[in-house]
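> Residue numbers (this note's numbering), protein chains in the order written: chain A, 1 to 213; chain B, 1 to 78.
Treat the hints loosely; a few may be bogus.
[Claimed, not checked] Below, simulated EDC-like cross-link-like pairs (lysine to aspartate or glutamate); rule was C-alpha separation at most 20 Å, straight line:
#, chain 1, residue 1, chain 2, residue 2
1, B, Lys45, A, Asp128
2, B, Lys45, A, Glu140
3, A, Lys182, B, Asp16
4, A, Lys37, B, Asp16
[To be verified] Computed list of chain B residues with no C-beta within reach of chain A, every gap over 10 Å:
#, residue
5, Met1
6, Leu7
7, Asp11
8, Thr19
9, Glu21
10, Val22
11, Thr24
12, Leu26
13, Glu27
14, His29
15, Leu30
16, Pro59
17, Arg65
18, His67
19, Ala69
20, Arg73
[Stated by the list, open to error] Rough simulated footprint, nothing fancy, chain A against chain B, three-plus residues with beta-carbon under 8 Å:
#, segment
21, 41-47
22, 50-56
It should be emphasised that the hints constitute simulated quantities derived from the structure, not laboratory data.
Treat the numbers as computed from the prediction; the structure is a model and nothing was measured.
For every residue, glycine included, the Cβ atom is placed at its ideal position computed from N, Cα and C.
The residues making up each chain are set out below.
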Amino acid sequence: MSAIQAIAGELEPHPDVALVDRVRGGDVSAYDTLVRKYDRQIFRIAQHITQNREDAEDVMQDAFLKAYEKLDQFQGNSKFYTWLVRIAVNESLMRLRKRRTGKMVSIDEDVETEEGSVPRDLADWAPDPEQNYGQSELAEILRKTIQGLPQGFRIVFVLRDVEGLSTEETAETLGLSIPAVKSRLLRARLQLRERLSRYFRRKKGPGETRNEK
Amino acid sequence: MKCSEFLALLDDVIDDSITAEVRTDLEQHLGRCGHCEVILNTTRKTIEIYRSHEIYDLPPGLRERLHAAIMARCKKGC
Numbered sequence: 001m002s003a004i005q006a007i008a009g010e011l012e013p014h015p016d017v018a019l020v021d022r023v024r025g026g027d028v029s030a031y032d033t034l035v036r037k038y039d040r041q042i043f044r045i046a047q048h049i050t051q052n053r054e055d056a057e058d059v060m061q062d063a064f065l066k067a068y069e070k071l072d073q074f075q076g077n078s079k080f081y082t083w084l085v086r087i088a089v090n091e092s093l094m095r096l097r098k099r100r101t102g103k104m105v106s107i108d109e110d111v112e113t114e115e116g117s118v119p120r121d122l123a124d125w126a127p128d129p130e131q132n133y134g135q136s137e138l139a140e141i142l143r144k145t146i147q148g149l150p151q152g153f154r155i156v157f158v159l160r161d162v163e164g165l166s167t168e169e170t171a172e173t174l175g176l177s178i179p180a181v182k183s184r185l186l187r188a189r190l191q192l193r194e195r196l197s198r199y200f201r202r203k204k205g206p207g208e209t210r211n212e213k
Numbered sequence: 001m002k003c004s005e006f007l008a009l010l011d012d013v014i015d016d017s018i019t020a021e022v023r024t025d026l027e028q029h030l031g032r033c034g035h036c037e038v039i040l041n042t043t044r045k046t047i048e049i050y051r052s053h054e055i056y057d058l059p060p061g062l063r064e065r066l067h068a069a070i071m072a073r074c075k076k077g078c
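Let the hints inform the model, and build the full structure from the sequences given.
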């Protein structure tokens with residue numbers, strides 16, 4: 001491969017760019033393709049932030065409609081997906097503010113900023129611990145556990161670990177610094193781990209004694 | 001490496017963004033410290049479980065409603 005080809009390969013545009021161009025040219029079916037590609041993620045993000053199904057449905061609709069209307073403002077220097085996520089996060093926070101009439105809601109809410117201490121619960125988990133639960137029971141455990149996290153931790157975990165945004169993209173989307181994202185991600189991961197330990201820890205056999213510190 | 005140093009590196013370890021030198025220190029520490037090994041393994045598992053399980057399904061009919069809303073918006077001028 002020549003150097004020029006190699007460079008051209010690196011610069012190959014994201015497939016969404018072509019779809020966005022087609023939508024701008026008036027092809028609404030290309031927008032349908034983008035919607036179907038990302039609607040699950042956008043709904044999940046909205047549900048994680050608003051914690052309310054009706055609100056999440058409204059947020060998903062409003063976010064895709066707003067993105068459609070504002071497509072001319074999409075610069076293409078970020079990915080279409082992260083631009084869409086930013087719209088959905090803002091819509092979700094606005095929806096929360098409406099529900100809590102007048103009370104300010106921000107992603108800084110409820111966040112303790114102290115740095116991590118060594119976790120308390122150090123019990124190991126059973127191998128494949130999720131196998132011990134039925135599908136719907138497991139989903140309920142996972143929902144309940146993540147809902148208990150402070151908002152500011154939960155959003156960072158969802159964007160970074162579940163939806164696959166980079167640290168930089170998460171910081172940009174939430175208007176946080178990179179160190180703030182990193183610190184919240186660590187706290188979120190450790191808190192979730194500790195809470196899930198209640199369900200997933202290895203059960204002691206009859207002949208074993210407890211020797212945890 | 002101390003446990004607190006391991007903890008400060010935990011995210012970088014999980015995201016696989018540590019240098020070979022740090023990795024050697026880390027492996028030595030994990031070989032001696034069962035607690036930190038448990039933290040690393042169970043934190044990795046936490047992330048994997050959340051990634052691989054759909055806990056909020058798309059409600060039935062929502063996709064169709066969104067499609068209709070976009071088409072209605074489009075009639076006003078695509």
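> Would you mind marking each hint as holding or not holding in the structure?
Hints versus structure:
no.	hint	in the structure
1	B:Lys45 x A:Asp128	holds (9 Å)
2	B:Lys45 x A:Glu140	holds (17 Å)
3	A:Lys182 x B:Asp16	holds (14 Å)
4	A:Lys37 x B:Asp16	violated (28 Å)
5	Met1	holds (13 Å)
6	Leu7	violated (6 Å)
7	Asp11	violated (5 Å)
8	Thr19	holds (17 Å)
9	Glu21	holds (21 Å)
10	Val22	holds (16 Å)
11	Thr24	holds (22 Å)
12	Leu26	holds (16 Å)
13	Glu27	holds (19 Å)
14	His29	holds (13 Å)
15	Leu30	holds (13 Å)
16	Pro59	violated (6 Å)
17	Arg65	violated (7 Å)
18	His67	violated (7 Å)
19	Ala69	violated (6 Å)
20	Arg73	violated (6 Å)
21	41-47	holds (count 6)
22	50-56	holds (count 6)
In terms of the numbered hints stated before, the structure departs from hints 4, 6, 7, 16, 17, 18, 19 and 20, listed from lowest to highest.
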